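Based on the provided sequences and hints, a complete structural model is requested.
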Amino acid sequence: MLFDIIKRFFRQSLLSFKALFGELDFKVYVFVQIIDPILQLIFFCLLAKYVYKADNITPWVIGNSLLLCTKNTIFGIGFVLWGERIFGTLKLLVAAPANKFLVFVGRSFMHIIDAMIKVIIGLVTGYLLFGVSFAGVNLPILGLNILIAVFAASGFGLLICSMGLRIRDMNLIMNTAATLLLALSGANFPVEKLPNILQKISYILPLTRSIEIANSIMHGVFTSNLYRLMLQELFIGVIYLSIGYLMLQYMENKARKAASLDIF
Amino acid sequence: MKNSLRTIWISCILQMKLSFMRPMFQYSIIIDPIVFALITYMMFKDTSVSNFIAYVVLGTGMSSIWNSICFSSAGDIDRERAGGTLELIVSVPTNFKIIVFGKILGNTIFGSISLLITFLFIKLAFNAPMSIAEPVVFVIIFIITLISYIALASILAALITLSRNAVALKNCIGYPVIILSGMLFPMEILPIWTRPVSFILSPTWAVKLLRLSVNGIDDVNSFIFQLAILVFLTGIYYLLSNTFYTIIDKSIRIKGSLGRM
Amino acid sequence: MENVVTVKNLVREYISTKGIIKKEKKIIRALNGITFDVKRGEVFGLLGPNGAGKTTTAKILTTLLAPTSGEAKVFGYNVFGEEKKLRPLINFIFGGERGIYWRLSARDNLIYFSDLYKVDNKIRDKRIPELLELVGLSDRADEKVETYSKGMKQRLQIARGLVNDPDIIFLDEPTIGLDPIGARELRKIISDLSSCGKTILLTTHYMYEADELCDRIAIIDKGNILALDTPANLKKLCTETSVLEVSVQELDNQLIEQIKRIEGVEDVSILYGDQLHRIQIQCKNPSEIMQQAITMLISCKILEVSTRAATLEDAYIKLVGGKYEK
Ligand SMILES: Nc1ncnc2c1ncn2[C@@H]1O[C@H](COP(=O)(O)OP(=O)(O)OP(=O)(O)O)[C@@H](O)[C@H]1O
Ligand SMILES: [Mg+2]
Chain A
0 MLFDIIKRFF
10 RQSLLSFKAL
20 FGELDFKVYV
30 FVQIIDPILQ
40 LIFFCLLAKY
50 VYKADNITPW
60 VIGNSLLLCT
70 KNTIFGIGFV
80 LWGERIFGTL
90 KLLVAAPANK
100 FLVFVGRSFM
110 HIIDAMIKVI
120 IGLVTGYLLF
130 GVSFAGVNLP
140 ILGLNILIAV
150 FAASGFGLLI
160 CSMGLRIRDM
170 NLIMNTAATL
180 LLALSGANFP
190 VEKLPNILQK
200 ISYILPLTRS
210 IEIANSIMHG
220 VFTSNLYRLM
230 LQELFIGVIY
240 LSIGYLMLQY
250 MENKARKAAS
260 LDIF
Chain B
0 MKNSLRTIWI
10 SCILQMKLSF
20 MRPMFQYSII
30 IDPIVFALIT
40 YMMFKDTSVS
50 NFIAYVVLGT
60 GMSSIWNSIC
70 FSSAGDIDRE
80 RAGGTLELIV
90 SVPTNFKIIV
100 FGKILGNTIF
110 GSISLLITFL
120 FIKLAFNAPM
130 SIAEPVVFVI
140 IFIITLISYI
150 ALASILAALI
160 TLSRNAVALK
170 NCIGYPVIIL
180 SGMLFPMEIL
190 PIWTRPVSFI
200 LSPTWAVKLL
210 RLSVNGIDDV
220 NSFIFQLAIL
230 VFLTGIYYLL
240 SNTFYTIIDK
250 SIRIKGSLGR
260 M
Chain C
0 MENVVTVKNL
10 VREYISTKGI
20 IKKEKKIIRA
30 LNGITFDVKR
40 GEVFGLLGPN
50 GAGKTTTAKI
60 LTTLLAPTSG
70 EAKVFGYNVF
80 GEEKKLRPLI
90 NFIFGGERGI
100 YWRLSARDNL
110 IYFSDLYKVD
120 NKIRDKRIPE
130 LLELVGLSDR
140 ADEKVETYSK
150 GMKQRLQIAR
160 GLVNDPDIIF
170 LDEPTIGLDP
180 IGARELRKII
190 SDLSSCGKTI
200 LLTTHYMYEA
210 DELCDRIAII
220 DKGNILALDT
230 PANLKKLCTE
240 TSVLEVSVQE
250 LDNQLIEQIK
260 RIEGVEDVSI
270 LYGDQLHRIQ
280 IQCKNPSEIM
290 QQAITMLISC
300 KILEVSTRAA
310 TLEDAYIKLV
320 GGKYEK
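Chains as they are written, first to last, in numbering that gives the first Met the number 0: chain A, 0 to 263; chain B, 0 to 260; chain C, 0 to 325.
Note that these hints are calculated values from the structure, not bench results.
The structure displayed is predicted, hence computed values, not measured ones.
Each residue gets a CB set at the ideal place from its N, CA and C atoms; glycine is no exception.
Where hints are given, some of them may not hold.
Unchecked claim - One side only, chain B facing chain A, incomplete, derived with CB under 10 Å: (1) Phe19; (2) Gln25; (3) Ser27; (4) Ile30; (5) Asp31; (6) Val34; (7) Met41; (8) Thr46; (9) Asn50; (10) Ala53; (11) Tyr54; (12) Ala167; (13) Cys171; (14) Pro185; (15) Leu189; (16) Trp192.
What the hints assert, rightly or not - Restricting the straight-line Cα-Cα distance to at most 20 Å, the calculated cross-link-like pairs of lysine to aspartate or glutamate (EDC-like) are: (17) B/Lys254 x C/Glu81; (18) C/Lys283 x C/Glu312; (19) B/Lys16 x C/Glu81; (20) A/Lys26 x C/Glu23; (21) B/Lys254 x C/Glu211; (22) B/Lys254 x C/Glu82; (23) C/Lys38 x C/Glu70; (24) C/Lys259 x C/Glu287; (25) C/Lys221 x C/Glu172; (26) C/Lys152 x C/Asp141; (27) C/Lys149 x C/Glu132; (28) B/Lys16 x C/Glu142; (29) B/Lys44 x A/Glu191; (30) B/Lys16 x A/Asp168; (31) A/Lys52 x B/Asp248; (32) C/Lys83 x B/Asp248; (33) C/Lys143 x A/Glu191; (34) C/Lys197 x C/Asp178; (35) A/Lys48 x B/Asp248.
Structural data, given as structure tokens:
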């Protein structure tokens, strides 16, 4: 029974991952999902290297690597429901007896794994191109931090994704969200430099804390303060997930009441 | 000739109409350049780079125009293919390359708007001073730069018409050109082996020239030399793209790759 | 009469590759050396099942595809090599909703394509309202195409295909996906165009459409032309024969073989369905064999028995084979 559920979970996840990327061939996937984001990382690292005349650009490698997960956590997950609408399968899903939240989590699962792999690819790129050193770094803690970051970003993705039920141009929303994270998460310049109000936004966005933590870990520092930040990031993820979940329910009810399922 | 001009004009207008109605396009000419400018401004601020506004505005502006031209022009061909109109515009009596030229021109105009937006944003948000040493030279070089960009974009559009892997191509052409041509940092900081590629990219020279006209031209001879290279490369691009469009006309019909994906 | 389209031994092959790592090349022969011609002013139909090569033929003739070998000429111009002279004279409409700009209005679409066909401004300004009138879109001409129904989009395609007042129009399944009334309206437009003297080459897989509109029909399957004649003559392939149609719930292939052996039976085809299967028995005199056939089929749960004269559909099925599903 439990085994069945788990099997269904993985099948769902794999299928929806395939539905999104399957129509692209493998080459396109590599270019769009890996090479382009890596190029963006390289660009910002080079820029930092020039601007700050810095030899050690580890912080930029770290920050931009973590940002790589947005390809999945925002675009991938955001596309899950939106894609259903495009292909006209959303109304089937809404009408199905399954718990929509679980369906959604199942479908996002592959994206979380893929996102972690992307972050690692980013770090490896930093190691190869910019000589980032992982000597003396507590790798398990770093891994845990990446997992929490991806989780929080996925919660954010769900919130955006639930908007996909009503907004027609998701591309605009998703791109704007990803760009905001690029600017406000502290990956490329310290959050403290931002105007006050933008700083506030930074700290309610996912990834800001994770990037800070990752940088400390890279310095070989971990204090109890780091664990507190990790918990906060986890909490942010849970909040986004909850709001996203409520939005999903609300949108579904609303759509059913307004008999507007067909606009999906 | 008159006819071609008219075609260029109408397809330029049509392109602008079509683009403007795409929310994504508004993202790429307004939101993206502004955020990009914000990031670079924040990075350059408090550093030792002198007249960094020139770097920020020029660099982000040139990058935005480049992105807008190459991304949109590539995407447009892709959209025409998906919408089934690519077959139509390839088989009308009007030369396909003239239609494409009009489209790219439309994107260029929009792209220039994003340069203006970047400039205004930096000016208004940070009240940053900016001065151009040689305004007239700057405008002339800027126009030549746009002409050169258009040539590059039309080569790109040709490749995308030929290939179905357009998405891959268009997504991966933005940053390399921005990096290699030194739009935001001098290409001299790159490994030496990238130099040859930088040299054959016209944006490399365009950016150098624009920066010089902002900062002041010390060595007129070297300026003219670089200008000559820019013009020469642009000429080569036009010749190349012309050849490509001749090949396209045959090749797509032999391969049968015009239709839906 | 003068030939405006001549096709001789036309072959078209597609090469498709499969697989990421090990590229496997596969050659698909879409046209297998077909020969036909179309006369000025006639409505010529290409009728055939899915994948027969209809679209491929239409694309070659409209200069969109190069022939692999053989000859294809329109108005005496080679479709590959002399397309510059040819393109202003022709136009084409591929069925479905693609091929127009959805984000523009109908009028903008027509203006744009007029310009691309280098239509003179004065002529254009006079022609566009006429075209909009012809396809019944005058009152919604300035709304975005996005907001149109499928039928309206398809009618706009027709208008688009006429912006350069072409001498010959190629239509690839123009009525696909339309409701019966929409399809009828579209057929009316096509027959009006024909009476204005336009040459029309039409592909379809609807029999009645071909029957109603076409002066001559080529039945094509797997890249070969199986028959080419007027609808009346094609029907004659079967007219001496009539059709005895038996609807049954169950089917036994052995019985079918037995029926085929009954004297006087010329051909047997089966239309498979979900609820029932229709066995169509072509024969000279149905009343003579009815007794025998029904006795044989009695175990198959007969639901209905009827006889009728042969139609174009019977000719089609006879040629293409009775394996196609309803
Ligand atoms: N671009 C292509 N690449 C590979 N094969 C193709 C291509 N286009 C068509 N084919 C193949 O050529 C054959 C003929 O296709 P064509 O589109 O001409 O058929 P059709 O008669 O128009 O069918 P339908 O009624 O389904 O539209 C088919 O087997 C098809 O798979
Ligand atoms: Mg077809």
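Now the hints, each set against the structure:
With a least beta-carbon distance of about 13 Å to chain A, the hint placing phenylalanine 19 of chain B at the interface is violated under the 10 Å criterion. A least Cβ separation of about 7 Å between glutamine 25 of chain B and chain A falls short of the 10 Å threshold, and the interface hint therefore holds. With its C-beta approaching chain A no nearer than about 8 Å, serine 27 of chain B sits inside the 10 Å limit, and its interface hint holds. Using the Cβ-Cβ criterion of 10 Å, the hint placing isoleucine 30 of chain B at the interface with chain A is satisfied: the shortest such distance is roughly 6 Å.
Annotation: interface hint on aspartate 31 of chain B holds; nearest CB of chain A at approximately 6 Å, less than 10 Å. Among the interface hints, the one on valine 34 of chain B holds; its C-beta lies about 5 Å from the nearest C-beta in chain A, closer than the 10 Å criterion. Interface hint status for methionine 41 of chain B: upheld, as the beta-carbon distance to the closest one in chain A is roughly 4 Å, under 10 Å. Hint status for threonine 46 of chain B: holds, given a least beta-carbon distance of 5 Å to chain A, under 10 Å.
Checking asparagine 50 of chain B against chain A: minimum C-beta separation of about 14 Å lies over 10 Å; hint violated. Hint status for alanine 53 of chain B relative to chain A: violated, with the closest Cβ pair at about 14 Å, above 10 Å. With 10 Å as the threshold, the beta carbon of tyrosine 54 of chain B comes within range of chain A, its nearest partner Cβ sitting at about 9 Å, so the hint holds. Checking alanine 167 of chain B against chain A by beta carbon gives a least distance of about 4 Å; that is within 10 Å, so the hint holds.
Contact between cysteine 171 of chain B and chain A, as hinted, is supported at the beta carbon level, the nearest pair being about 5 Å apart and thus within 10 Å. A distance limit of 10 Å between C-beta atoms decides the matter here; for proline 185 of chain B the minimum to chain A is near 7 Å, and the interface restraint holds. Of the supplied interface hints, the one on leucine 189 of chain B holds, with its beta-carbon coming within about 7 Å of a beta-carbon of chain A, less than 10 Å. The closest approach between the C-beta of tryptophan 192 of chain B and any C-beta of chain A is roughly 13 Å, which is over the 10 Å cut-off, so the hint fails.
Pair hint lysine 254 of chain B plus glutamate 81 of chain C holds up; C-alpha atoms about 18 Å apart against a cutoff of 20 Å. Using a Cα cut-off of 20 Å, the hinted pair lysine 283 of chain C and glutamate 312 of chain C holds, with the two alpha carbons roughly 17 Å apart. For the given pair, lysine 16 of chain B sits about 34 Å from glutamate 81 of chain C by alpha-carbon distance, which is inconsistent with the 20 Å threshold. Our distance criterion of 20 Å between C-alpha atoms is met by lysine 26 of chain A and glutamate 23 of chain C, whose separation comes to about 16 Å.
Restraint check for lysine 254 of chain B and glutamate 211 of chain C: not satisfied, since their Cα atoms lie roughly 36 Å apart, outside the 20 Å limit. Restraint check for lysine 254 of chain B and glutamate 82 of chain C: satisfied, since their Cα atoms lie roughly 17 Å apart, inside the 20 Å limit. Under the criterion of a C-alpha separation no larger than 20 Å, the hint pairing lysine 38 of chain C with glutamate 70 of chain C is consistent with the structure, at around 17 Å. Only pairs whose Cα atoms come within 20 Å are accepted, and lysine 259 of chain C paired with glutamate 287 of chain C is accepted, the gap being roughly 14 Å.
With a C-alpha separation of about 18 Å, the suggested pair lysine 221 of chain C and glutamate 172 of chain C falls inside the 20 Å cut-off, and the hint holds. About 13 Å separates the Cα atoms of lysine 152 of chain C and aspartate 141 of chain C, which keeps this hinted pair within 20 Å; it holds. Restraint check for lysine 149 of chain C and glutamate 132 of chain C: satisfied, since their Cα atoms lie roughly 18 Å apart, inside the 20 Å limit. Between the alpha carbons of lysine 16 of chain B and glutamate 142 of chain C the distance comes to roughly 14 Å, so the proposed pair stays at or under 20 Å and holds.
A distance of roughly 13 Å separates the Cα atoms of lysine 44 of chain B and glutamate 191 of chain A; the hinted pair therefore holds under the 20 Å criterion. Taking the CA atoms of lysine 16 of chain B and aspartate 168 of chain A, the gap is about 18 Å. The hint holds against a cut of 20 Å. Among the hinted pairs, lysine 52 of chain A with aspartate 248 of chain B is inconsistent with the structure: their alpha-carbon atoms are about 50 Å apart, more than 20 Å. For the proposed pair lysine 83 of chain C and aspartate 248 of chain B, the alpha carbon gap of about 11 Å is at most 20 Å, so the pair holds.
About 48 Å separates the Cα atoms of lysine 143 of chain C and glutamate 191 of chain A, which puts this hinted pair outside 20 Å; it is violated. Between lysine 197 of chain C and aspartate 178 of chain C, the direct Cα distance comes to roughly 26 Å. Violation of the 20 Å bound is thereby established for this hinted pair. This hinted pair does not check out: lysine 48 of chain A and aspartate 248 of chain B have alpha carbons roughly 45 Å apart, beyond 20 Å.
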